[in-house]
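These protein sequence lines are chains V and Y, in that order. Going by the numbering used here, the first sequence opens with residue 180, and the numbers climb by one from there. Going by the numbering used here, the second sequence opens with residue 3, and the numbers climb by one from there.
Everything labelled a hint here was simulated from the structure, so no lab data went into it. No experiment lies behind these values; they were computed from the predicted model shown. Even for Gly, the Cβ is constructed at its ideal location relative to N, Cα and C. A few of these clues could be false.
Okay, the calculated bits of chain V under chain Y, using three or more residues with CB under 8 Å as the criterion [unchecked claim]: (1) 186–198; (2) 201–214; (3) 245–254; (4) 291–301; (5) 341–354; (6) 428–434.
The calculated BS3-like cross-link candidates involving lysine-lysine, where the alpha carbons are at most 25 Å apart (straight line), are [what the hints assert, rightly or not]: (7) K289/Y / K182/V; (8) K278/V / K6/Y; (9) K178/Y / K289/Y.
FRET-style restraints, in silico, Cβ to Cβ [claimed, not checked]: (10) R197/Y / V219/V: 47 to 55 Å; (11) R190/V / I158/Y: 52 to 60 Å; (12) M351/V / A83/Y: 49 to 57 Å; (13) I158/Y / V208/V: 47 to 55 Å.
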Amino acid sequence: MGKLISAILTRAVLGGLIVVALGPILWTVLGAFKELRDIVTPVPKVFFEPTLDNFATILRNPTIRDGLLNSVIVVSAAVLVGAVLGIPAAHTLARHARKWGDDVQFFVLSLRFMPPVAIAIPFIVIYLDLGIYDTLFGLVLVYLIVTVSTVIWLAVPAFERVPRNIEEAAAMEGCGPAEIFWRFSLPVAAPSLFGALVFTFVLVWNELLLALTLAAQNATLPVVAASITSLGKEVPWGVINAATVLLVLPPLVFIGLLMGLLNTMVRSGPK
Amino acid sequence: MTRKRFVTLTLVPAIGLLATLALVSIAGAVWFAVMNRTLRSPDYDFVGAYNFLRLLRDRRFFNALEISAIWEAVTVAGTLALAVFLAVLIFETVKKPLYRNLICFAFLVPVLLPRVAAAFIWRFLYSPSLGVLNYLCGLVGIGPVEFLADPSLALISVAAVDIWQWGLFFSVILLKLLETLPRDPIEAAMLDNARTWEIHAFVTLPMLRGPLISLALVKAVESLRSFDLIFVMTGGGPGTATETLDLYAYQMGINMGGRISYASAMSLLLLVVTTVAFTIIWKAGKKWAS
Chain V
180 MGKLISAILT
190 RAVLGGLIVV
200 ALGPILWTVL
210 GAFKELRDIV
220 TPVPKVFFEP
230 TLDNFATILR
240 NPTIRDGLLN
250 SVIVVSAAVL
260 VGAVLGIPAA
270 HTLARHARKW
280 GDDVQFFVLS
290 LRFMPPVAIA
300 IPFIVIYLDL
310 GIYDTLFGLV
320 LVYLIVTVST
330 VIWLAVPAFE
340 RVPRNIEEAA
350 AMEGCGPAEI
360 FWRFSLPVAA
370 PSLFGALVFT
380 FVLVWNELLL
390 ALTLAAQNAT
400 LPVVAASITS
410 LGKEVPWGVI
420 NAATVLLVLP
430 PLVFIGLLMG
440 LLNTMVRSGP
450 K
Chain Y
3 MTRKRFVTLT
13 LVPAIGLLAT
23 LALVSIAGAV
33 WFAVMNRTLR
43 SPDYDFVGAY
53 NFLRLLRDRR
63 FFNALEISAI
73 WEAVTVAGTL
83 ALAVFLAVLI
93 FETVKKPLYR
103 NLICFAFLVP
113 VLLPRVAAAF
123 IWRFLYSPSL
133 GVLNYLCGLV
143 GIGPVEFLAD
153 PSLALISVAA
163 VDIWQWGLFF
173 SVILLKLLET
183 LPRDPIEAAM
193 LDNARTWEIH
203 AFVTLPMLRG
213 PLISLALVKA
223 VESLRSFDLI
233 FVMTGGGPGT
243 ATETLDLYAY
253 QMGINMGGRI
263 SYASAMSLLL
273 LVVTTVAFTI
283 IWKAGKKWAS
């Protein structure tokens, strides 16, 4: 009897927790397929005739389409440059910098302490004076603070986990430091590095404040989504839900990767 | 290529770029903070400490300071409390690896959501006329509850979303850490007839002191980035009930007449306080954790 109760209890706990985590999201996904009259009901409707109108509205709206395109361009450029600059720097910090490496790493970390608004307000004036306000280039430039520092921060431990004897053997064979990095350390660390890049991607994809202040017409998807509420008098909940789904999809693709990254981090000892 | 050249070539572009951007924004904030620049006109003059003196007489600034402090405290404490509770609960009740993995996957979803998306999802649930939460409240005979329009509830309602995102995420990390702990001390405590909660309160959680402190620090830094969530959910309202410092600086500098210099002074204060505080706390925390 006691066993039965504990088994039921387990199931109940399990189900309850998953509802808490996923329920709100699933409800929004349902809402994205509802017509407004199925949303504005006194009793929430679970069964209804699904419609694709909301998604059609979104994809036909030029502002949202541009926002999506801008997001893709800005985020991939910022992550790419972040990787090209950050990964070699992280390798050097992990392997060639003993004395002052910690100070440089702390400087990189301390950029994360900076409140975004303290970056945004001076930059808006500087951008206006330079004439790069509301350009994709300007957004990429300011996002480099986020991407370069995050890539370095996450890639240093990845390179530290590369077994030293691989690099030492290569050095014995007469390989220079650049060759060791490119041919030996980089391939070994690649899986963790990919995880680091994904994490960086999610961070900038989700960013709102900097894009909101430094761009007007050329804004990214979060900015466009945040402004939907002010279209028209009635709050278009179906459309908002569909936009939310669109915004949520790219980061969710990487959930398996995040899980793997967590597993390696926990196994290699918490920082 | 020599080692020295390799070090220079790899490090200088990345660190140089970061240092330049950081310096430009800090120098810019300092420069504008002692001027009277606005977005409307390109002309400006030196005004010295005028902006800072005005901050000291600005009640809305002190309100924002207070809201920011409450936000930090509530979200950090709430996240850690929820994470510890859920990690222990799952660790004790769900034993099958398959079920555990299912829960872990489900718990990782919220933190991956863009803040804007999370904000919309919960605004939909909180909505007084068509939200599911108010329907549930109605079933037990309360409501409709104005989660986001009631000044005494709004901040907690928004903080709950932040805790939902980060608390579930941290509970996955804690669960994985609990799984890596050695079994011996736990079994020794069980032989002493310790109750389950006693084992966790006195044996396992003290063993995880280091990671718990690290998690608290990470959350404290991330909580500073509250702008997205609050901006979409309440916009700082009702009144100024959820207006944190970054929201107020944004409203001053960009939305309301673009008083760049006043907003710069404010964000400069914010920058100095957070950087100094976190540098001290971070270094002390690392020492204490190890």
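Structure-based check of all given hints:
no.	hint	result
1	186–198	holds (count 6)
2	201–214	holds (count 6)
3	245–254	violated (count 0)
4	291–301	holds (count 11)
5	341–354	violated (count 0)
6	428–434	holds (count 4)
7	K289/Y / K182/V	violated, 46 Å
8	K278/V / K6/Y	holds, 14 Å
9	K178/Y / K289/Y	holds, 24 Å
10	R197/Y / V219/V: 47 to 55 Å	holds, 50 Å
11	R190/V / I158/Y: 52 to 60 Å	violated, 31 Å
12	M351/V / A83/Y: 49 to 57 Å	holds, 53 Å
13	I158/Y / V208/V: 47 to 55 Å	violated, 26 Å
Hint compliance for this structure: hints 3, 5, 7, 11, 13 are not met, and every other hint is.
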